[in-house]
Each structure stands twice: as C-alpha cells, then as structure tokens.
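Protein chains in written order, with the working numbering: chain A, 4 to 351; chain X, 106 to 315.
Hints in this document: simulated from the structure, not taken from any laboratory.
Some hints here could point you the wrong way.
Unchecked claim - Label-pair ranges, simulated between beta-carbon atoms:
hint, chain 1, residue 1, chain 2, residue 2, range
1, A, Phe337, X, Lys257, 33 to 39 Å
2, X, Lys208, A, Pro193, 27 to 33 Å
3, X, Glu135, A, Ile57, 47 to 53 Å
4, X, Asp284, A, Glu219, 37 to 43 Å
5, A, Ile265, X, Lys208, 45 to 51 Å
6, X, Lys257, A, His35, 26 to 32 Å
7, A, Val302, X, Lys311, 51 to 57 Å
Unchecked claim - Straight-line alpha carbon distances no greater than 30 Å define the calculated DSBU-like cross-link-like pairs of lysine-lysine that follow:
hint, chain 1, residue 1, chain 2, residue 2
8, A, Lys275, X, Lys257
9, A, Lys195, A, Lys291
10, X, Lys311, A, Lys318
11, A, Lys188, X, Lys311
From the three backbone atoms N, C-alpha and C, an ideal C-beta is built for every residue, glycine too.
So you can see what is in the structure, the chains are spelled out below.
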Amino acid sequence: MNAELLARYLSRECTTQEYIEVESWLRISEEHVEQLKSYERIWVDAQQLNKLDIEFDSALDWSVLQNRIEAEDLSVEEQTPILITSRATALNRNISYFSRIAAILSLVFLVGFYGSQFFVQVPTEQNEAVLKEISMKKGQRGSVTLSDGTLVSLNSESSITLPDRFKSDVREVYLNGEAFFEVAKNEEKPFKIYVNGTVIEVLGTSFAVRAFPDDESVRTTVVEGLVSFRSQDEDISEGVLLSAGDLGEFNLKRKKISKEFIENLDPYISWKEGYLTFEQASMTEVRKQLERKYDIEVVFEDSNIEFLELTAELKSRSLRNVLETISLSLGLEFELDQEIVRFKNIGE
Amino acid sequence: MAFGSEEPHHLDKVRIQTEREQSLIRAISEGDQAAFEQLFFEYHQSLIRFAFGITRSKELSRDTVQDVFLKIWRNRKAWMVNKTLRVYLYQSVRNQALNLLEKQKTHSRLQENYSIDYSTSYSLWEEDRSSFVGLSEYDAKRVMQIWALVDKMPDRRRLVFELHRKDGLSYKEISKILDLSLKTVENHMGQAIKYLRKELEKVEKKFNLD
Chain A
4 MNAELLARYL
14 SRECTTQEYI
24 EVESWLRISE
34 EHVEQLKSYE
44 RIWVDAQQLN
54 KLDIEFDSAL
64 DWSVLQNRIE
74 AEDLSVEEQT
84 PILITSRATA
94 LNRNISYFSR
104 IAAILSLVFL
114 VGFYGSQFFV
124 QVPTEQNEAV
134 LKEISMKKGQ
144 RGSVTLSDGT
154 LVSLNSESSI
164 TLPDRFKSDV
174 REVYLNGEAF
184 FEVAKNEEKP
194 FKIYVNGTVI
204 EVLGTSFAVR
214 AFPDDESVRT
224 TVVEGLVSFR
234 SQDEDISEGV
244 LLSAGDLGEF
254 NLKRKKISKE
264 FIENLDPYIS
274 WKEGYLTFEQ
284 ASMTEVRKQL
294 ERKYDIEVVF
304 EDSNIEFLEL
314 TAELKSRSLR
324 NVLETISLSL
334 GLEFELDQEI
344 VRFKNIGE
Chain X
106 MAFGSEEPHH
116 LDKVRIQTER
126 EQSLIRAISE
136 GDQAAFEQLF
146 FEYHQSLIRF
156 AFGITRSKEL
166 SRDTVQDVFL
176 KIWRNRKAWM
186 VNKTLRVYLY
196 QSVRNQALNL
206 LEKQKTHSRL
216 QENYSIDYST
226 SYSLWEEDRS
236 SFVGLSEYDA
246 KRVMQIWALV
256 DKMPDRRRLV
266 FELHRKDGLS
276 YKEISKILDL
286 SLKTVENHMG
296 QAIKYLRKEL
306 EKVEKKFNLD
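Here chain A stands alone, though its shape is the one from the complex (with noise of 0.2 Å):
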C-alpha cells in the first residue's frame, strides 16, 4: 500500500475502484487502520498551518492599490517621500475609492514618532526616496540582512526604518524597540542608527541597543568592536566612546549619558538566544519582558510583588517553566489562564 494512494484516498481524489481497494486493506489489519490513522492526523493537523501563517495587511494593500490605480489615472508631477509599513494605523476600509486625498495615514504617525530632521532632507537620489519599515509584533522575533550585509535581529514589538537604498555616503536606520546589530564593516559609509533622540555611530561591530517607548533611557551595549553615543540634539555636546563590555545609557529625563563597563552582558542580549536573564530586576521590568515575548498579559494581585527583585536565568522556552521557577525563587504563585498570568503571595 503506497503513500500515493492513501494520499489519494484521504484527499478523496482516488477512483471508486481504488477506494474499494483501500477498504478492504483496511480490513485486513488493525495495524493497516492505525498506518492510515497516523497519516490522517497529519493530514488534518496539517490543514491548521492557516493559523500559524504570516500575516498580511489586506486593508492597507488595498489603500495602497487604489493609490497606483489613481496614479496611473493621474500623472504624478514629483515624487514624494512613500513610507510603506507593515504594521498601519487602522485604515477606514470605506474610504471612498478614487478619492484625491492621497491618504498615507501612516507617514504622519511617522513624523510624530521621530521628529522632521530625516524628513527635511529632500531626495536628491534619483531613486525614489522609499522607506520600509520592518517590525515585529509581540510574541515575534526574527532576524532580517540589510543590503550592506548587515544583520539585525529585532526583538518583539520592535522595528527599524530605513531607506529602500542607502544613500551613498552614509547607512542610517531609525530604531523603535531593541535590535542587536551586527553591522558589516565599511569605513567609507559609516552606520548610523537614530534611536529616540541619540545617534549611534559605527564604524563595523557588533552590539545590542534598547529603547522601547516606555523605557527612560536608551541603552546600548557593545559586545565587540566600537561605537560612538551621543545625543542627536546640537546642544548636547558630549557623547562616549564604547568599546567591548561598555553599556552606555541616555537618561532621557535628565539628558546624561552615562558609561560604565559590565562584567556580564547577558541580561541585556539573552533575548537574542531565545531565553531571559534577570540579575536583580525589579518585578515590574520582569513583567515587561514577560508580556512582551510571549504576548501575554501579567497581573500581581498583591501590590509588594512589584518590588521584589529577580536574579534568574531562564533558559527553558516553555511559559510555564519559566513561570514555574520564578515563584520558586520569590516565593509566589501564580496562575496561568489563556492568556493572563496571575502571581500572588503563597498562602492567601
């Protein structure tokens, strides 16, 4: 009995005849219907891969659609900045159809976010001055190669901005979020990253920066090589030098940057492996982290949980593990239920 068949037969593509045939090779042993059972439950399973696919925004592709069937309609006299995401605004489905405003709602939330500087510029490319911007939601992680052969991972609900086309003298990206670099070198274009209001600068190394919207600072920490931070704003002059094993922070509140060298960087570039570490956090980062890999919501029914402090290395990828050794090492409990996490004192 070839796979071919049973194939067939499960897909009810086979003739009267060979369903017949495979009937009666059914009859004949309990170990043939536990063969065809075994593949029926792949061929089933198999039919929910449509849960686990990549997710696509069909309103904004069918914004975007209207606007080339408009600018074909159209000419279109100059070219303007397009800013392509891949995660947009809510986009009213109803708009109306060849309407003139040529409605890019996702630019304007992308000005907001990281002032007029890079916009000023007019492309003087002759290339289009396309922006794509790749991000990650909660939950998700992945990995993407610039065109200059560097490597970003992207932490979740992270994303960087960058150019179609680096321009010719410089590479810059805009980051939003936690990416680790590994930056290929070239010393005729150096890489830029602008990150809430500091640059970095660098020259081919690689190192992790952070800053996510409800961080105070932003953090960057360099596993090799060597890297220059510094503020974007003119004013402030001073900026540091970080080399390997330096961790140099923004306070954002009061606009210092800091460096200090540290013995482990583990705790700041875990995440890249897959896993958590913890040295000494206070349970309300933890709970960020929590929420963000794995795109839960994390609730502590007793307020003094928030300022116990966790040292841990959480290396098992399984949720529950994780939430297993963390009320081990505090003392707690917890409770998981669909997607919501409840740690209490133990005892009450």
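Take the given structure of chain A and dock chain X to it, following the hints.
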C-alpha cells in the same frame, strides 16, 4: 490518465464557475468598483500567502498580488475568464511572482534581502508561540512541527502540499496552477505525507512533549 477507464469517483475535481463568480466577473468588467473590492478582499490573504511561498519575500508578495489586481482593473473591459476564477487568480499570481523574482535577480546587487527567513524563524523560535486560539498547547506544537518540516521540503512539493492542505485546491487545479502533470502532483502528495510521517515519528520518539 493512468487510472482505469471507469468513471472516476472523485477524480477531476474542477469546480465549475459558479453563477456568483460569473456575475462578479461581469460586474467588474463593467467597472463596478464595489465588486472589484469584494474580489480583492476575498482572495487577498490566500493569494499573498501563496506568493510568499514562492518568493519568500513579504515585499515581493505584496507587489505581486497588487500587480495582478492592478492588471485586472486596468484591462477590465476586456477581462474574460474561461476557467474557474480561483485557478485564474492563482495562476496569475504564480506567473507574476516568478516574473518579479527574475527581475530581482538581475537587479540583485544592492537588492535588500529582508524576507524574514521563514524556516529559521520557525525552527529556532517556534516555541515562543505558546498559545493559539482554539488549539491546545500540544496541538499547537504539532502544527508548528509540521510547519517546520513542510518548510524544509523541496519547493515544488511544498507548494503542492500547501495549495492542497492550506488552500483546499484539488489536484487538478494544482496541476493547472503550477503547470505540472496530474501524476506529478499525486506523486508529490504521496512523498510529502510519507516524509512528514517519518519525521514526526522521529521527533516524537526523541522528546516527550513538555
């Protein structure tokens, strides 16, 4: 055809164009924008995922599907579909995807390769996703495993398998879309399931699911 001369039981499952499809096509050719939008949203997800299966690039996939629909709209007055709508759309997407891939190869020097490396993301980080709507953790793991394995299959086989299991297309439709003989499609499906069963047994023997 390799099969007997008698009437096939379920062979040749080509869905005939339904009346609904016919009126949709007619409406679009007459310039009905609402009908065009309907068509777009009905097929967008499946077509773009299919394009991704071929191009492995989110950007190219989006361009591909947009190009196909743009062409339909541009030529709507003379738009005629003498096969089922699904086969037509999938075929167009496949052709355009291959076109764009070709183009990309020739301009490739500075071309960015930022398609999220699908197989890597899933095989290394698959266990990040610990909860799914409607699937138990055990089932989710299994589906992930199948997913990672399907990803390792040679391209044609993977596309055949995905079109059948994910998109629910018949062997005949798949053969038309991918330009393969029916026998080849059957062969691919048989190989696919054999391979999956073998690999899954290996995995199950090695690990106890957490």
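Hint check:
Between Phe337/A and Lys257/X the C-beta distance comes to about 37 Å, which sits within the given range of 33 to 39 Å. One distance hint, 27 to 33 Å for the beta-carbon pair Lys208/X and Pro193/A, holds here, with the actual separation near 31 Å. For Glu135/X and Ile57/A, the Cβ-Cβ distance of about 35 Å falls outside the hinted range of 47 to 53 Å, so the restraint is violated. The hinted range of 37 to 43 Å is not satisfied by Asp284/X and Glu219/A, whose Cβ atoms lie roughly 58 Å apart.
Roughly 48 Å separates the CB atoms of Ile265/A and Lys208/X, a value that falls within the hinted 45 to 51 Å. Restraint check, Lys257/X to His35/A: a C-beta distance of roughly 28 Å satisfies the suggested window 26 to 32 Å. For Val302/A and Lys311/X, the Cβ-Cβ distance of about 36 Å falls outside the hinted range of 51 to 57 Å, so the restraint is violated. Taking the CA atoms of Lys275/A and Lys257/X, the gap is about 23 Å. The hint holds against a cut of 30 Å.
Using a Cα cut-off of 30 Å, the hinted pair Lys195/A and Lys291/A holds, with the two alpha carbons roughly 28 Å apart. The suggested pairing of Lys311/X with Lys318/A holds, with an alpha-carbon distance near 20 Å, which does not exceed 30 Å. The hinted pair formed by Lys188/A and Lys311/X fails the criterion: a straight-line CA distance of about 42 Å is larger than 30 Å.
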